[in-house]
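Novice: Read off the chains here:
Protein chains: 2
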Amino acid sequence: MSFTVTPIGRLRTPWTTTSACPRNGRRADPPPLCHAELLAEFRDGLQSIEGYSHLIILYWLDRSTAPEMVFTPPFDDQPRGVFATRTPRRPNPIGLSVTKFEGIDADGRLRLRYLDCVDGTPLIDIKPYLVTTDCEPEATMGFQRRGS
Amino acid sequence: MSFTVTPIGRLRTPWTTTSACPRNGRRADPPPLCHAELLAEFRDGLQSIEGYSHLIILYWLDRSTAPEMVFTPPFDDQPRGVFATRTPRRPNPIGLSVTKFEGIDADGRLRLRYLDCVDGTPLIDIKPYLVTTDCEPEATMGFQRRGS
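So the sequence lines, in the order shown, correspond to chains D and H.
Going by our numbering, the first residue of the first sequence is number 1, and it counts up by one from there.
Going by our numbering, the first residue of the second sequence is number 1, and it counts up by one from there.
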């Protein structure tokens, strides 16, 4: 059993190679402006999106290499399971970023901050970020330190 | 261009039809216990997941009908774009839930709360919820009211 994902557009970021991508798109001050470009047939789906301050962006990590179930992350000293990390090398290489949404340009592109993927990454979904179901200020982060 | 998603397991919930599913998996008090069952070949990927209190679950909404770019949501009085809502009828029907993680059963199933999908839904990814990148307490929700 398998399913087919079809891109709805592309993400535009300042990083042209995976090695140039930041480990965390929020680290720079200010985080650089990025864009989501939708294919024409999906643009009507943006209606009423203006009032959200944040959007969840899903994308296909098309440059990621084969998944590893267990690996030692950079800046870590012991092996971790893939599902305990946000590595791109996942069984289904879907990336997820909670982004700051700063409006829609005249050409229809969404202005976003906090992305950290490579320029041209296929966009597969846009979801509104809902404080009522997506925000967990008390969440604990396992072996990951807040600064990492 | 398209990509192939292969399920890594299934979600087990109390709801056997889509019409029985709650609109929001957090509404019940207490929210019912659900499970994520991983296929054997992916179970090593759970290593070090124990310390997280919350997980982001991605799943394939395999019962959803054809996407609509614009529709009038239930409990709303005007049309909205698909990307301004969390409807299952999306171009790529990927569901996302931020869940409370309560440990792993002896049989390897993850104990989760706040899911709202139908029993048997294909699981496609598990990601740790990171307060540093996923939590936006000040986010505004556009036309959606906090109570809805």
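Simulated from the structure, these hints should not be mistaken for laboratory data.
The structure displayed is predicted, hence computed values, not measured ones.
Among these hints, one or two may not hold up.
The list makes no distinction among identical chains, and a pair is therefore deemed to hold if it is satisfied within one copy or across any two copies.
No farther apart than 25 Å at their CA atoms in a straight line, the calculated lysine to any residue pairs in the SDA-like style are these [said to hold, decoys possible]: (1) K100 to S2; (2) K100 to M1; (3) K100 to M69; (4) K100 to E136.
Novice: Which hints from the list above does the structure break, by number from lowest to highest?
Specialist: Result: hints 1 and 2 break, sorted rising.
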